[in-house]
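Once you've looked at the hints, dock chains E, A and G against the given chain S.
Chains as they are written, first to last, in my numbering: chain S, 1 to 129; chain E, 1 to 129; chain A, 1 to 129; chain G, 1 to 129.
Hints are computed from structural coordinates only; laboratory data are not their basis. Hints may contain errors.
In silico BS3-like links for lysine-lysine, alpha-carbon gap of 27 Å or less [said to hold, decoys possible]: (1) E:K70 to A:K44; (2) E:K65 to S:K125; (3) E:K70 to S:K9; (4) E:K44 to A:K51.
There are 4 protein chains.
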Amino acid sequence: MEKIEEIAKQYFGTEVTARDRAIFEGAITLGAIFHQFTGIPIIKSLIPLLKETIEKTMAIQPFIKQINVKINDQSLRNYEHTYDYSVLSGNTLELEVISQYGDITVHLGMKYIAELDFPLMFIKKIEKK
Amino acid sequence: MEKIEEIAKQYFGTEVTARDRAIFEGAITLGAIFHQFTGIPIIKSLIPLLKETIEKTMAIQPFIKQINVKINDQSLRNYEHTYDYSVLSGNTLELEVISQYGDITVHLGMKYIAELDFPLMFIKKIEKK
Amino acid sequence: MEKIEEIAKQYFGTEVTARDRAIFEGAITLGAIFHQFTGIPIIKSLIPLLKETIEKTMAIQPFIKQINVKINDQSLRNYEHTYDYSVLSGNTLELEVISQYGDITVHLGMKYIAELDFPLMFIKKIEKK
Amino acid sequence: MEKIEEIAKQYFGTEVTARDRAIFEGAITLGAIFHQFTGIPIIKSLIPLLKETIEKTMAIQPFIKQINVKINDQSLRNYEHTYDYSVLSGNTLELEVISQYGDITVHLGMKYIAELDFPLMFIKKIEKK
Numbered sequence: 001m002e003k004i005e006e007i008a009k010q011y012f013g014t015e016v017t018a019r020d021r022a023i024f025e026g027a028i029t030l031g032a033i034f035h036q037f038t039g040i041p042i043i044k045s046l047i048p049l050l051k052e053t054i055e056k057t058m059a060i061q062p063f064i065k066q067i068n069v070k071i072n073d074q075s076l077r078n079y080e081h082t083y084d085y086s087v088l089s090g091n092t093l094e095l096e097v098i099s100q101y102g103d104i105t106v107h108l109g110m111k112y113i114a115e116l117d118f119p120l121m122f123i124k125k126i127e128k129k
Numbered sequence: 001m002e003k004i005e006e007i008a009k010q011y012f013g014t015e016v017t018a019r020d021r022a023i024f025e026g027a028i029t030l031g032a033i034f035h036q037f038t039g040i041p042i043i044k045s046l047i048p049l050l051k052e053t054i055e056k057t058m059a060i061q062p063f064i065k066q067i068n069v070k071i072n073d074q075s076l077r078n079y080e081h082t083y084d085y086s087v088l089s090g091n092t093l094e095l096e097v098i099s100q101y102g103d104i105t106v107h108l109g110m111k112y113i114a115e116l117d118f119p120l121m122f123i124k125k126i127e128k129k
Numbered sequence: 001m002e003k004i005e006e007i008a009k010q011y012f013g014t015e016v017t018a019r020d021r022a023i024f025e026g027a028i029t030l031g032a033i034f035h036q037f038t039g040i041p042i043i044k045s046l047i048p049l050l051k052e053t054i055e056k057t058m059a060i061q062p063f064i065k066q067i068n069v070k071i072n073d074q075s076l077r078n079y080e081h082t083y084d085y086s087v088l089s090g091n092t093l094e095l096e097v098i099s100q101y102g103d104i105t106v107h108l109g110m111k112y113i114a115e116l117d118f119p120l121m122f123i124k125k126i127e128k129k
Numbered sequence: 001m002e003k004i005e006e007i008a009k010q011y012f013g014t015e016v017t018a019r020d021r022a023i024f025e026g027a028i029t030l031g032a033i034f035h036q037f038t039g040i041p042i043i044k045s046l047i048p049l050l051k052e053t054i055e056k057t058m059a060i061q062p063f064i065k066q067i068n069v070k071i072n073d074q075s076l077r078n079y080e081h082t083y084d085y086s087v088l089s090g091n092t093l094e095l096e097v098i099s100q101y102g103d104i105t106v107h108l109g110m111k112y113i114a115e116l117d118f119p120l121m122f123i124k125k126i127e128k129k
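Excised from the complex, chain S in its bound form:
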């Protein structure tokens, strides 16, 4: 373990396991992405650029191994005139975040669920190496 992580660990309860921690770190990043990036003006042609920016900047956060972003282009407006653009919203955004702490890898996600009319965040899978 990095020496710096020894310092950080002092602030966590002694009962906190690697599994707890991996879930914790991934979930922070889901909440962070939603509240940092929603509101950005977006048109279809800029989806690859914005996707890459979210994936790479947010993967800087502690213990984040990988992020996959999907922006649903069928819900975006056509940019046929000055005011005809969308802003990124929770309903347009699909996220996969993979976090890792010690020997635990967690796959987390966010997706708009029609039945709930809500961009649900969830834990898909918890793996031990």
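Relative to chain S, chains E, A and G alone:
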């Protein structure tokens, strides 16, 4: 359990426990608060109002029982002229979030740690009723 | 004029008038409010609190005299279960910003316009004392 | 003029000139960039990507002709360990926004000014074709 939660649970892996879930929900809110509220202009006299707004709006999020916000006023500027104000930053903000899922209650926090020069998020305590 | 403003003015072109400046300052605040506050979880009972927070924190910005916020509650969800809440969006938010520089007062606004399907920002009135 | 702009213009006071409007539109984008993008995790190697994303997404906004972003890398941390990264702040960010309405082009900017200890927004130049 609410009927709506039965729908939501289908998106979670079957291995996900109440403990996993309570940590997950609390951590989302930590990440969300940081990325939603940093950047707001702030002066000392408005601390109580902004504190209450963060605590109450973010406690709407699923399975959040309570939020306590502290904004460190000694680091804020004095508002002695037009340009003399601060914006809320991670280093100024202290958070306590309490989440609950089933019989598990989790206490999470965020605090600027001088040794790391970083606003560290952490899990303080995991309790089973 | 405040001494500090003499310093700030050096960065503005010499052709910039009080009218230009009052419009400039008010427009910054419109753009700032939209991109700072959209995304916040909101339910009907918290409208007065969030309204007051936006009005008071954003009026700290230079040369902003007054802000009036209206959050359209008929578009908000009912909070009948865990996932039944809204987040603040441009379509839900109505803004009035009054800026003042020298002897010029400008009334600016933002409002969702159905014909454009867009939260339009506009200059309502420019007044000279 | 686009037909859609005839609709938008109805919401503006009749005294509003092309000069007023060009300043207005550019200033909105300055305020929007600050409050949308500050808070994003950033390390030196990701500066070109984040710069391009800000420039292209925010130029979708009405009557914005061009945006140039500079992120001052000497103030960024070195990413030598897990917690050693920066988040984008007003003091790290330099902006140039060029707006155009009718025959008026306006050059606006934002830059950290040490004398004010403030990321000042300003109007550099107003040009008539």
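Holds or violated: K65 of chain E with K125 of chain S, Cα cutoff 27 Å?
holds (25 Å)
Would the hint linking K70 of chain E and K9 of chain S be met if the CA-CA limit is 27 Å?
Roughly 22 Å separates the two Cα atoms, so the pair holds.
Given hint K51 of chain A paired with K44 of chain E - CA-CA distance at most 27 Å:
Measuring from Cα to Cα gives roughly 19 Å; hence the hint holds.
Is the Cα-Cα distance between K70 of chain E and K44 of chain A 27 Å or less?
Holds, because 25 Å separates the two Cα atoms, which is no more than 27 Å.
Of the numbered hints listed earlier, not one is contradicted by the structure.
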